Amino acid sequence: MKKMTSRDKTYWAIIIPVLILFFTFNTLPMIKGFIYSFTNYRGYGTYEYVGFRNYIDLFSDARVGKSYLFTFKYALAGTVLVNVLSLIMALGLNSRIRFKSALRGIYFIPNVLGGLVIGYIFSFLFTYIIPAVGEALNIGWLQNSILASEKNAWIGVLIVGVWQAVAMNTIIYISGLQTVPDDVYEACMLDGANKWTEFFKVTLPLVVPFITINLVLSTKNLLMVFDQIMSLTKGGPAQSTESISYLIYKNGMDGGQFGFQSANAVIFFIVIVAISIFQMTVLGKKEEQL
Amino acid sequence: MKKDTRINWVLTILLVIGTITVFFPLYMAFIIAFKKSSEMTNDVAGALAFPAHWSLDNFRQAMVVTDFWHSLGNSLLITLATIGLAILIHSVAGYAIGRNMAKRKSFRIIYLYIVSGMFVPFSILMMPLVKQTAQMGLGNRLGVILLYLVFYMPMNILLYTGYLKNIPVVLEEAAGIDGANTWRTYWKIIFPMMSPMHATVAVLTALGTWNDVMTPLVIMAGTGENTLPLAQLNFQTQFGTNYNLAFASYILSLIPILIFYIVCQKQILSGVANGAVKG
Numbered sequence: 001m002k003k004m005t006s007r008d009k010t011y012w013a014i015i016i017p018v019l020i021l022f023f024t025f026n027t028l029p030m031i032k033g034f035i036y037s038f039t040n041y042r043g044y045g046t047y048e049y050v051g052f053r054n055y056i057d058l059f060s061d062a063r064v065g066k067s068y069l070f071t072f073k074y075a076l077a078g079t080v081l082v083n084v085l086s087l088i089m090a091l092g093l094n095s096r097i098r099f100k101s102a103l104r105g106i107y108f109i110p111n112v113l114g115g116l117v118i119g120y121i122f123s124f125l126f127t128y129i130i131p132a133v134g135e136a137l138n139i140g141w142l143q144n145s146i147l148a149s150e151k152n153a154w155i156g157v158l159i160v161g162v163w164q165a166v167a168m169n170t171i172i173y174i175s176g177l178q179t180v181p182d183d184v185y186e187a188c189m190l191d192g193a194n195k196w197t198e199f200f201k202v203t204l205p206l207v208v209p210f211i212t213i214n215l216v217l218s219t220k221n222l223l224m225v226f227d228q229i230m231s232l233t234k235g236g237p238a239q240s241t242e243s244i245s246y247l248i249y250k251n252g253m254d255g256g257q258f259g260f261q262s263a264n265a266v267i268f269f270i271v272i273v274a275i276s277i278f279q280m281t282v283l284g285k286k287e288e289q290l
Numbered sequence: 001m002k003k004d005t006r007i008n009w010v011l012t013i014l015l016v017i018g019t020i021t022v023f024f025p026l027y028m029a030f031i032i033a034f035k036k037s038s039e040m041t042n043d044v045a046g047a048l049a050f051p052a053h054w055s056l057d058n059f060r061q062a063m064v065v066t067d068f069w070h071s072l073g074n075s076l077l078i079t080l081a082t083i084g085l086a087i088l089i090h091s092v093a094g095y096a097i098g099r100n101m102a103k104r105k106s107f108r109i110i111y112l113y114i115v116s117g118m119f120v121p122f123s124i125l126m127m128p129l130v131k132q133t134a135q136m137g138l139g140n141r142l143g144v145i146l147l148y149l150v151f152y153m154p155m156n157i158l159l160y161t162g163y164l165k166n167i168p169v170v171l172e173e174a175a176g177i178d179g180a181n182t183w184r185t186y187w188k189i190i191f192p193m194m195s196p197m198h199a200t201v202a203v204l205t206a207l208g209t210w211n212d213v214m215t216p217l218v219i220m221a222g223t224g225e226n227t228l229p230l231a232q233l234n235f236q237t238q239f240g241t242n243y244n245l246a247f248a249s250y251i252l253s254l255i256p257i258l259i260f261y262i263v264c265q266k267q268i269l270s271g272v273a274n275g276a277v278k279g
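Here the protein sequences come in this chain order: A and B. For the first sequence, this note's numbering gives the first residue as 1, with consecutive numbering after it. For the second sequence, this note's numbering gives the first residue as 1, with consecutive numbering after it.
Bound conformation, chain B alone (with noise of 0.2 Å):
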């Protein structure tokens, strides 16, 4: 039987069209970003039309009024930290449970501890840590990148364990044959082997902490350090009913993760794919 390759134009169609739904909102941010107030009426047009000239004035505004060199800098510090130490030490952790979980219980019992800490909602921890993080010191954008190390470790240890089964132990026990020992092993052959699963919890880290409000809103207060998303709810009052304003600051905010997101699209895609199907 011949197998059907014709391509389906009516849906093709009709998925195109709907791409409107996810293009629309972005769009009439995009075009608000750029009038002026007085071109703001109270029709649709007003709204959605080009604007008459294209400014980047609101932009340059919107700049100033939220710190947004340094929200950035502040984001892009706790992601990539994050990011940096979760693969380091989810993954060793990981290959400590994961090599260890079939023989002996106590490994086991570990490992069911630390995936299970994927339930507990923020909430419940939430009230005691803004008193634990503020006793120790760590009230600030070190604390956030600590609670995230912890907050992810349920689904990273998870992930790495899993793909560890499919690195056979024989080519551990040959290096340690050679004289090498158990850190070293680890270091030059599995974390290299183990590649594709630290693109995976980059990805999933990434997404969930680039994007988070309540742990830096709870945690950092106080510290006049804004993230992006935190440096919106906070300013949004002096936005007042200047929306042009608001809205070129909005843009601001969503430029960066849409760059890494077109940039790291396949790897992006897969990986929350991966995770899911893992997870």
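Isolated chain A, as found in the complex (with noise of 0.2 Å):
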């Protein structure tokens, strides 16, 4: 083996901590949590190994294939919103208009605050005001809280979502839209090509790595949700707005579903990863250099 020089020894000194810093916090817990997953572990007490029967449940849970379908539905409801929401926000953003800076300053402000009091926020306005608004206009489907309603609640963590989650990717697709050069726009106009066909054929192309960029994140986000579902519904009602994050949180810390939320857990990352991977290959394909 070669001799360390000075330089490599300080390299070393310094990578060796952090790489164990990284292995305690997040290798070994996740190496836990897989070795648990085959455990019928309570979260207390004695436990037993107990092959793949949590997987096996899992596939079989009403509970969890239900937190599953609402996830999914959010997640993908979500992601069209947001993406189609702040790509013509970025547009309109970074069109010719007064007021440009402050303007995109304000529409960021949904996301420096936080999703919980958010939530507590958008809970009072959808259980008083708008049924208030509705009462007063006589309009019959808005008189009752959206939250309340087993079949719409979702819409109403969605929309806090989406509230929140568009500033986010507007600022994405306006640094995105700045990268396409003037003289691009300048040949369009020359070629006669109205509005539309200059924003399929030439704008959107060029800002395809920015929409991988956005879709991955805002999926993986959206996909994630917590803090909207505890402070807006804590899951219900009856439980139709339980996401996979929210029920591994609260039947595996509490409901003595330590392992068995586990293998939820593990699925759940599976998931989160081959839908990233699925998303960034499929663009990436996609992507066209100037």
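The calculated DSSO-like cross-link candidates involving lysine-lysine, where the alpha carbons are at most 30 Å apart (straight line), are:
id: 1; chain 1: A; residue 1: Lys250; chain 2: B; residue 2: Lys131
id: 2; chain 1: A; residue 1: Lys66; chain 2: B; residue 2: Lys131
id: 3; chain 1: A; residue 1: Lys250; chain 2: A; residue 2: Lys73
id: 4; chain 1: B; residue 1: Lys188; chain 2: B; residue 2: Lys103
id: 5; chain 1: A; residue 1: Lys234; chain 2: B; residue 2: Lys131
These stretches of chain B come out as covered by chain A in the derived footprint (C-beta under 8 Å, 3 or more residues):
id: 6; segment: 97 to 103
id: 7; segment: 263 to 270
To be clear, the hints were calculated from the coordinates, so they are not data collected in a lab. Since we're looking at a predicted model, the values are computed, not measured. C-beta: ideal position from N, C-alpha, C; glycine also.
Quick one: dock chain against chain with the hints and give me the complex.
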């Protein structure tokens, strides 16, 4: 083996403690979680190894199934809404308007505020203000709180999630739009392309890398929804808005399902990685270089 | 060809009107926080009209109920310590990795190992971490800070190693000839040169940790300590149906981050954009 120079020693002296820290609080708990997922551990007391039992049970557990259904429905609708809305917002905020920086600043506010408190504020809005408006205007379907409806409560959670996420993605799309050089648009105008063709044939293909970033980011964040559930619905009514993260927290920490929810978390992890990789490879192929 | 520089007023007006979607929920929270319970009638005006008197009573009471200053202190301590340590530790780690990645497989593997941590959701770590931190005596504020340092490490290392590519190695080699060792070269030359990235890292880490609920909720449970969001969660039952008190407390918890945003808006917006683009 080569003798280490003093420079190399410094590098390793830096990196080894960092690696130990990372391993201790990231890799080690992950391995432990994986091991627990093969046990019937309740979070206290003794436990036994049960093989793949938890994984088999996961697929027949109605409550887990329901939480996956809610989370996917929420993340899918959310991702589409967030990206369409924030692309429109970014186009608006990147065009020739007055008060440009003030408006950009204002539209980002929802993202700096915490999801929990925002959830409480919207909860009041959904429970009291909107039904009162419905009453005043005599609109039947507005008179009951959306959060009390088993069928529609998820839309209430979605509105809050989208309200916060659009702020973030808009900023990223704006920086994407700024990478498109002016002469591309000038060439478009000379060719006589109208605004729609310009957008779909020129702008959109050039910002694909930013679409990739935004899709991956928003899907991942929406899949992990927790704070808004905590303050808006606590998973209700009738467990119709229980997200996967919320279920793992609730039943894993307090419900005596430590082992079972560990298995759920392992599957959840695999799902997130698979979706992210899928998005990156599919969109990676569509990227165009100028 | 002359460039079209006319201002699009229709769009401007639409976008100005659109800010209602941002301001309305905040306006409502603000108005309710100033009202007396008796002013809350069941119609729209009851909640949205100006209060009869602008009184700070609700805020005073909310501060007592939620132990506001203490929670604020905890939030500040956790966020500032995380940012400070992240800038020191993640930047130097990013440097060690970034300068060796091209030549050596070992560092490339370390890089991929840490950065792939970005895909690990907190849910899978949560339950084992609660046990582990309790056993290590870290079920407290220090534990939360350490965990944040680990959770933000993948993103920050990615950002720092990316930024390092723009700083030519020649600078360090020149310093090396002058007899400065690697450690000193880093702090004297490279660390100051990475300031734009320090700002980005600080902003992203601050936004993530300040509003986080889940980590302090499970790790600090039982210590009696609260962060600002945690106090809202834990005192929710004490507010009962006194919405005015609850909203005063919500407004109080939003004020610090709003002030930070107003003061550092430029850095925050460019930080978020930078972070996403590099990441």
